Each structure stands twice: as structure tokens, then as C-alpha cells.
Amino acid sequence: MNPGNLLKVAINALKRNKMRSFLTMLGIIIGVASVITMLAIGQGSKKSIQDQIASMGSNMLFVMPGNMRMGGVQQGSSSSQRLTVADIKAIKTECDAIVAVSPEVRSSGQAVSGSSNWPTTIYGGSEQYLDIRSWTVVSGRNFTDTEAEGSAKVCLVGRTVADELFGEGIDPTGETIRFKNIPFKIIGVLSEKGQNSFGQDQDDVIIAPYTTVQKRILAQTYIQSIQMSARSAEESALAESQVEEVLRRTHKLREEENNDFEIRSQEELATTMTSVTEILTILLGAIAGISLLVGGIGIMNIMYVSVTERTREIGLRMSVGGRSVDILLQFLIESILLSVFGGLIGIMIGFGASSVVEALTSWPISVMWGSVILAFAVCTVIGVFFGWYPARRAAELDPIEALRFE
Amino acid sequence: MKTIIDIATLKKDYHVGEVTVHALRGVDLKINEGEFVAIMGASGSGKSTMLNIIGCLDRPTDGTYLLDSVNVAGMSKNERAAIRNLKIGFVFQSYNLLSRTSALENVELPLMYNRLITTKERRERAVAALEAVGLADRMDHMPNQLSGGQQQRVAIARSLVNDPVVILADEATGNLDTRTSYEIMSLFQELNSKGKTIVFVTHEPDIARCMTRSVVFRDGHIIREEDVKSRLNAAEMLRALPVEQD
Ligand SMILES: Nc1ncnc2c1ncn2[C@@H]1O[C@H](COP(=O)(O)OP(=O)(O)OP(=O)(O)O)[C@@H](O)[C@H]1O
Ligand SMILES: [Mg+2]
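Those sequence lines, one after another, are chains A and B.
So the number in my numbering is just where the residue sits in the first sequence, counting from 1, plus 1206.
So the number in my numbering is just where the residue sits in the second sequence, counting from 1, plus 6.
Where hints are given, some of them may not hold.
Below, simulated DSBU-like cross-link-like pairs (lysine-lysine); rule was C-alpha separation at most 30 Å, straight line [said to hold, decoys possible]:
#: 1; chain 1: A; residue 1: Lys1298; chain 2: A; residue 2: Lys1359
#: 2; chain 1: A; residue 1: Lys1298; chain 2: A; residue 2: Lys1399
#: 3; chain 1: A; residue 1: Lys1298; chain 2: A; residue 2: Lys1421
#: 4; chain 1: A; residue 1: Lys1359; chain 2: A; residue 2: Lys1295
#: 5; chain 1: A; residue 1: Lys1214; chain 2: B; residue 2: Lys126
#: 6; chain 1: A; residue 1: Lys1399; chain 2: A; residue 2: Lys1253
#: 7; chain 1: B; residue 1: Lys83; chain 2: A; residue 2: Lys1214
#: 8; chain 1: A; residue 1: Lys1224; chain 2: A; residue 2: Lys1214
#: 9; chain 1: B; residue 1: Lys126; chain 2: A; residue 2: Lys1221
#: 10; chain 1: A; residue 1: Lys1458; chain 2: A; residue 2: Lys1298
#: 11; chain 1: A; residue 1: Lys1214; chain 2: B; residue 2: Lys93
#: 12; chain 1: B; residue 1: Lys36; chain 2: B; residue 2: Lys93
Derived by calculation from the structure, the hints in this document are not laboratory data.
Please read all numbers here as calculations on a predicted model, not as lab measurements.
Using the sequences and the hints given, assemble the complete structure.
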């Protein structure tokens, strides 16, 4: 029989048992829809985490003081005071994979303007700090190198701080605020970043020259962490080893001593964070995959029933010249139609469910075309695989016995 | 005259567990073009077995069989399917129409398995076959909308549609009442008069007398073979039947 006729015969057979065909497809529909939705959710949460990590800065690396071990004894007490401005100077001159370096110091406290006050955190950095942390100034200007090194009492405020102290949407550039009783002149407002993946408001900040924060607020000369930008994401690992080398030398660490600092990169952070969601995605996908498998078994079951019911029809088709392969294809096409058609409906429902989840979570959920193609391929394979045995049983029937079947 | 079926020393054994059933024990049979042969005999004598082998549904255990001068005894499953498709027409006792499929589509079925026939030609030939059996006005009816006699006519149209060299009928009137049986026999006689070769298994002597020759089986042998002497005309028999009163 030619393919067109085979298809017609299979479609007619399915139409004759509409309810049964639909219920059989339902297994596949649910399976495919859940696979697609689960993968989309996994992908969406991964993307949202990646976006947020990217918003932290550009090819960022940071150094924090770490615990030093010496012969198994923790030398922890003074560790928080181990990073200095000298380290930064050394990094700046010696590490060519690093394009920007800034110290970071921070302090939490109350910001006051007139009668309003707001609890927030002040971050101190160099002139390059904004670039490293991917901040931009929407109004006013960044502080200069001279201001940064000269303890100038100037600051930039995040949108949230501006809103809370001066009112929604007002540009406070030029105004003065007090932080821990130190007056700061606002020279600019930062662009909005929104919440990060932990629900923290990234716009609830004040950024000021690090020298100002060190001397006037913290009264210390140490640095809490060093923030850097590598030239590119690819050079992030190179930059990390260069920084390690320089810091080991400036900290005068001997060969056998461990680092008394820790270097983290945005890359690493992204990898750790996304690997968690990847595992979750695989898990959800696997559970959804099992429901797809169950759907496939449903098809196999119904195909066996169908072959038995239509034994006489098979005998008749053989007696008028149907070859085994014609019979095999007839039933195989029927099961492929069930699974592929079910798959198509499942894909559509998957798209629908994904956009519902997107609306509910505001994650950037997008159905991957890869998973659609995969679902489609899997459905075809399921149709062939689970249809094969029933179809072969039909094809191997003896025409005389099939005709005699009651 | 051309010989359509040429069978010699044909044997068929069935093995059921330890037991061997000798369904055919050496049959010689020649059927010429244009003959209308009745195959008779007691139940279990091997009539259906014979017909299935003639129709290439089954293969003999031993012996030779030439159908239309082609040796079909050693053919593979697929080759036999092709032979059935091109040279054989079957009519069964229980009609065997596809349910929920129109008369026309039922008749088209054998041609669906012939790749050389276009959709248009298939349709035309099916329509012609249905017209030949007097069902021109029933083409779109489903089997469950047709009487037993009409269903058997559809089955006969299906057996005709591929223009076979022989039509094989196994107790084709077995499910029908006397009147309808004669109607069907009248149709077969008409086909035979146009030159169709027909082999017809039956238990009823009256039905057998509508044909040109009878072959009687017993225990897997042919025990008698004779031309029908006073041949009945089914159409006349039909007219002679008393009109049913109710
Ligand atoms: N598939 C089979 N397996 C085993 N034995 C079989 C099979 N088919 C037929 N037989 C045996 O072969 C013999 C001939 O059977 P066949 O069906 O040809 O008889 P028949 O003449 O058509 O009888 P009836 O008039 O009742 O239809 C019987 O003894 C039957 O039991
Ligand atoms: Mg029989």
C-alpha cells in the first residue's frame, strides 16, 4: 500500500475510536507537557540566576581575607585585617589580565536627610568601583580619582535610598545626607538593578570613596575585600592565578604555607549556583520523562487490544493481497500517529503552562527549541518502540487463522 | 481451452502436538477457464483446506500446483500475497466486510494493495464492480445498513474488482436463506456466463446443481468428479419459489 493510503487507513481507524484514541494520547500529552514545562522552568531559573550574577559586575574577581592554617593550627584572629592598599597597588601594576581594581569597605548604619532617615549600607571603593560592579550613573557623576584617594565627603546613592530619603523619583543630586553623622554631598544617582536572587534590594546602597569610609566611618586602614575585573571571561582563570601569585608575595607567604586570602570569581559563583538548578532540572525532567514512558506503555497496551479486536480485518487484508509489511506499517503508523499527535498537543500545553509559570514567578522562562525537538523525536521513537511489538504480532498472523478468529 | 488450476498429488498435513492430521492425501485436480466447479463432501473432508491452497492462503506439504501456468507451490509469503492480490478473488461465508467502512471502500480494498493502480482507476473499477452486482445505489452504505444478501454482493464485487483469474467461494450461501441463496447463485451464474472461472465449496446439492461440474471429497481424497447433468438456472428457480406470505 502506498504511504498516503496507509496514513488514511490509520487515521480512519483512530477516528473510529475517538474517545479511546484521545485517552491513549492523554498519557503522551501529559508526559510531553510536563517534560517541556519542567525543562523550561529549570532553564528559566538558571537564566534568572545567571542574569543576576552577571548584574553583579563584569568578569569580576574578588579577594577576601581567608583563614590561614599553619601546621594544622588555625590562625584566624587577625585574618580580617590582612588586605591592604599595598596589595591593590601591587595587583594594579603586576597583573596584566586585570583591567580594574578597587578596594571595598562597607559599613551599615542610618542615613539621614532632614527629617527622613533610612537604614542602609555604605560601600567604599575607588573610582573604578562602579565599572567593576556594573553600576552606571543616571544623573550627576562618579567621584574622581582625587576624591577617591583624598577622603572627599561625596557619595552616590542607589534608587531606593534616594526614594526613601527624598521621595519617589526625585533627583537628590546636590543635596547632602548624613551617614553616622558624617555629611556627604550627593554627586550622583545610580542606575536601578532591582532584587537579586536572594531577594536583596541591590539599589539600597550608598557608594563613597573608600578613604572616606575607612577614615571617617570605620577608623581603620584595612580593606574588607578587593574587587577586580578581568579583561575577559576567558582570562578570568589567568587573572586569578596572577592575583594569587602577587598576593602570596606581598603577604610574604612561604612555600608550604596556605593562602591567607580567598579568591572567588564571578565565573565560579555562576557555576556553583547554576549547577544546583541543573541538578534540579534533571530531576524534574526525569520524573516528567517517566510519565512519558507510562504514556508510551499506554499506547502499547491499546495497540495490543486493537490488534486482537481487528484480527479478522487483518486476515481479510492479507487475503486480498496485503503483505506482512503492509500490516506492520498500518499498525505502526497508527501508534506513531497517536504518540506524535499527542506530542504536538503536549508541546502546545507545555508552552501554555510555561507562560503561566513565567507570569507567576517573573523568571525569564523560555521553552527551549531543543526540548521541543527532543520531545518530538522522543514521541516518534515511543510510537515506533511501543507500536512495534503489537504491529509485528499483527503482521505475523496466519491469514487463515486470522480469518477464522472469533 | 486454457487450464487455470493444475494440481497434482497434492498433500497437506497439519501437526497438532504429537498428532499429524492428513487433511489432503494426494489430490489431482484440473480446472479450465470458464468452469464453475462445485466442491462438495462431508464436514472435515478437506474442502476448505483445498480452497485455501488454491487461493494461495496456505501452502501444500507436498505436490505441485500451477495457477495460471505459474508454479505457486514453493512461493514465499510475500509472493503469495502478490498472487492473491492479482489473480484471486475470495468470497467468504461470513462476508468479512470492514465494519464502518462504506461498500465502495470495501470494494476498493484489494486495489489499495496494488501500487500500480491510481486512486481514480481504483474508484472507477470499484464503482463498476458494484454496478455489476446490482448495488449501484448502495455505494455509500455501511455494512450494518445492508442485508446479508447485500453484504455478500458487496463481497462478490470485492472479489471481482481486481479482475482475478479465479473466484473462490467457501460456503458463500451458508449464512443465507433459500431465496437469497438463489439470488447470489444467479449472480455467480451471470459472472460465469461472462467467462469467470469460479470454484465454489458447498454442502447443498441444489446449489451445486447450479454449476458446471462437481468434485466430491472424502477424507482428503477426491472420490467423485462429474459434469452437472441437468443444470439449474438460479434465476428461474427464484421465479418458481413461492412468494413469501405474511
Ligand atoms: N489449522 C489446522 N490445524 C489442524 N488441523 C486442521 C487445521 N485446519 C483443518 N484441519 C483439519 O483438516 C481437516 C480438513 O479440514 P477442512 O477445514 O478442510 O474441512 P472442510 O471440508 O472444509 O469441513 P467443513 O465442511 O466443516 O467446513 C479436518 O480434519 C480438520 O480438523
Ligand atoms: Mg470448510
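Hint check results:
1. A/Lys1298 / A/Lys1359: holds, 25 Å
2. A/Lys1298 / A/Lys1399: holds, 28 Å
3. A/Lys1298 / A/Lys1421: Holds, because 23 Å separates the two Cα atoms, which is no more than 30 Å.
4. A/Lys1359 / A/Lys1295: holds, 23 Å
5. A/Lys1214 / B/Lys126: Judged against 30 Å, a Cα distance of about 16 Å means the pair holds.
6. A/Lys1399 / A/Lys1253: holds, 16 Å
7. B/Lys83 / A/Lys1214: Roughly 25 Å between the alpha carbons, so the hint for B/Lys83 and A/Lys1214 holds.
8. A/Lys1224 / A/Lys1214: holds, 15 Å
9. B/Lys126 / A/Lys1221: holds, 24 Å
10. A/Lys1458 / A/Lys1298: holds, 18 Å
11. A/Lys1214 / B/Lys93: holds, 26 Å
12. B/Lys36 / B/Lys93: Holds, at about 17 Å.
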